[in-house]
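Enquirer: These are the residues of each chain, in order.
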Amino acid sequence: MSINHRLFLLTSAGKWVVFYVLVLATLGFFLLPTLWMIVTSLKMNSDNMVLPPKLAFTPTLFNYMTVLNNSGFMKSFLNSFIISGATTVLSVMCSATSSYAYTRFRLFGSRSLSNFMLIARMIPPIVLVLPLYIFSLRSGLLDTYFIMVIALTTFSLPFQIWLLLGFFSQIPRDLDEVARIDGCSWFGAFIRVILPVSAPGLAATCLLTFFYSYNDLLFGIILSGNNVKPVSLAVMEFMGRYSYDWGAIMASGVLLMIPTLIIGIVFQRYMIQGMTAGAVKG
Amino acid sequence: MKNQAKWTPYLFLCPTLLLFLVIFMIPIGFVLYSSVFDWNLQKPHEGRVFIGLGNFVDLLTDKKVWAALWVTAKFVILAVPVELLLGLLIALLLNRSFMGKRWVQGIILTPLMVSPVAIYLSWKFLLEPTFGIVNYLLGKIGVGPYGWFSDVNMALLSVVLVDIWQNTAFVFLVFYAALQTVPREPVESAQVDGANRFHVFWYVTLPAIKPAALVLAIIRVMDAIRAFDNIYVLTLGGPANATRTIQFLDYELAFKTLEVGQGSALGLIIVVVILLVGSLLIREMNRTNEELK
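First to last, the sequence lines map onto chains R and U. First residue of the first sequence? That's 76 in this note's numbering, and the numbers climb one at a time after it. First residue of the second sequence? That's 204 in this note's numbering, and the numbers climb one at a time after it.
Note that these hints are calculated values from the structure, not bench results. Here a beta-carbon is modelled for each residue, glycine too, at the ideal position from N, C-alpha and C. Some hints could be false.
[Claimed, not checked] Keeping only pairs whose Cα atoms sit at most 30 Å apart, straight-line, the calculated DSBU-like set for lysine-lysine is:
| id | chain 1 | residue 1 | chain 2 | residue 2 |
| --- | --- | --- | --- | --- |
| 1 | U | K267 | U | K459 |
| 2 | R | K90 | U | K413 |
| 3 | U | K246 | R | K90 |
| 4 | U | K277 | U | K413 |
| 5 | R | K150 | U | K304 |
| 6 | U | K459 | U | K266 |
| 7 | U | K459 | U | K246 |
| 8 | U | K343 | R | K129 |
| 9 | U | K246 | U | K266 |
[Stated by the list, open to error] Incomplete in silico selection of chain U near chain R, CB under 7 Å:
| id | residue |
| --- | --- |
| 10 | F215 |
| 11 | L295 |
| 12 | L296 |
| 13 | I311 |
| 14 | V317 |
| 15 | S325 |
| 16 | L329 |
| 17 | A457 |
Assemble the whole structure, with the sequences as input and the hints as a guide.
Expert: This is the structure we're talking about:
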């Protein structure tokens with residue numbers, strides 16, 4: 076940083092202009108689609124279907140009313156929260172305990188575990204979802220929270236273990252040794268010492284799992300029906316029904332992104348930590 | 204106490220091992236098993252007929268499978284390098300202190316916080332042929348109008364464009380974090396020795412961020428091979444199957460025509476392709492990590 080900084084003090088203002096133009100172009104590219112979606116969702120359709128695009132218009136919540144009056148849309152929101160919440164809790168409990176065990180004990184395959192998890196991550200969901208579909212079809216579990224949570228949990232475990240292995244191996248072993256000498260069991264040491272120390276890593280893992288489950292589409296398409304339909308699928312079906320009502324379609328998209336956008340902005344630090352942890356070893 | 208230590212690790216592993224067994228190994232076993240049967244859920248009276256490797260022979264001699272593989276390859280080759288390059292360029296651009304840096308970074312990361320379905324919907328309207336703002340703006344400079352997702356020649360490129368928008372932010376994020384770990388002394392001594400910025404980048408920075416680049420390449424290539432959501436929302440594999448990726452073809456086989464046997468066989472073929480590409484990349488990654496040690 077400092078070198079760049081010093082270099083930049085030496086260079087002319089012209090370079091700064093070029094720099095800010097590039098930054099603005101980047102921002103425009105990343106901001107425009109989301110912004111335009113929000114703008115479109117606030118316009119009456121008569122304003123959306125004209126050229127040139129209207130920039131001066133009276134904002135209306137009409138499109139949001141259309142979406143929210145659609146019975147089942149709010150329910151699908153609730154479904155998504157239940158499914159993603161339960162998946163996050165269940166899968167992080169499993170992955171935290173097992174990653175801890177793998178970083179603290181010599182177990183079979185612990186050396187190649189990280190690579191194995193990377194490979195397990197690569198198995199396409201469609202391969203796993205076909206047996207799950209036939210199983211739940213036969214056992215009557217299709218369209219239940221249970222099967223959705225189980226499916227998403229299995230699918231998020233490899234990536235969680237991969238992340239947590241990194242986080243746990245950074246915690247010095249002395250820390251749990253001390254706790255053990257003080258009379259803690261392994262489990263006690265895990266709960267009282269390791270979990271609090273690794274809270275940021277766990278938070279990052281939870282956050283990414285929640286995002287992943289909330290954003291999932293494939294499992295929803297195949298394993299859910301009207302009872303537990305997640306909101307991402309509800310939005311898709313909504314689009315199919317009103318294929319030219321762009322205002323309403325964009326409104327449903329905005330509603331869909333609000334939860335993750337808020338969570339993402341509030342917990343940005345943890346999200347960044349989680350996303351970079353596996354790839355960058357500092 | 205000592206006895207306890209022997210089985211404690213396995214107590215910790217228990218939940219995960221159980222889940223892995225029940226919903227990872229058993230399904231994969233099931234897929235292996237059903238791939239050797241002629242089995243269609245729409246024709247329950249015909250049941251399962253053992254046909255050995257018949258499904259694989261049928262699939263590998265089927266033009267639509269090769270066409271879908273080709274579409275997938277094109278998608279990966281067009282999208283991933285651009286994402287890696289663009290993400291790296293933005294990371295290098297922002298790797299200095301300037302006014303408003305926090306805001307700029309925050310905005311660049313928004314694609315990661317917006318639900319993919321919402322992303323696809325917004326792009327569908329942006330690239331709408333008649334009222335889309337992109338065609339309108341291009342028209343202003345005398346280009347177009349294009350049919351985007353509805354044009355056979357443009358559809359895959361349009362999907363690639365959306366993919367680039369969606370995933371460059373992640374690449375940027377990882378490269379930016381990697382750049383913070385580049386040691387300063389070599390850079391400074393290189394500059395003292397009179398190296399220009401390009402030389403510093405090529406001989407000092409690039410080797411330092413190579414591990415991150417390889418992990419990124421692995422993650423992005425794997426995700427791109429498995430691309431499904433974007434095809435489902437944006438094009439449904441059309442027009443004229445121009446965007447029907449291998450993953451989407453498998454979805455159609457298994458869940459539209461309910462050919463369980465063929466769907467399983469194609470699923471296994473996808474796994475083999477992914478493992479081949481993946482293990483090559485992982486080996487390269489491990490080699491780089493060894494060299495660094």
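Enquirer: For each hint, tell me whether it holds in the structure or not.
Expert: These are the hints, each one checked on the structure:
no., hint, verdict
1, K267/U <-> K459/U, "holds, 16 Å"
2, K90/R <-> K413/U, "holds, 28 Å"
3, K246/U <-> K90/R, "violated, 69 Å"
4, K277/U <-> K413/U, "holds, 24 Å"
5, K150/R <-> K304/U, "violated, 40 Å"
6, K459/U <-> K266/U, "holds, 19 Å"
7, K459/U <-> K246/U, "holds, 13 Å"
8, K343/U <-> K129/R, "holds, 15 Å"
9, K246/U <-> K266/U, "holds, 25 Å"
10, F215, "holds, 4 Å"
11, L295, "violated, 10 Å"
12, L296, "holds, 6 Å"
13, I311, "holds, 5 Å"
14, V317, "holds, 4 Å"
15, S325, "holds, 4 Å"
16, L329, "holds, 6 Å"
17, A457, "holds, 5 Å"
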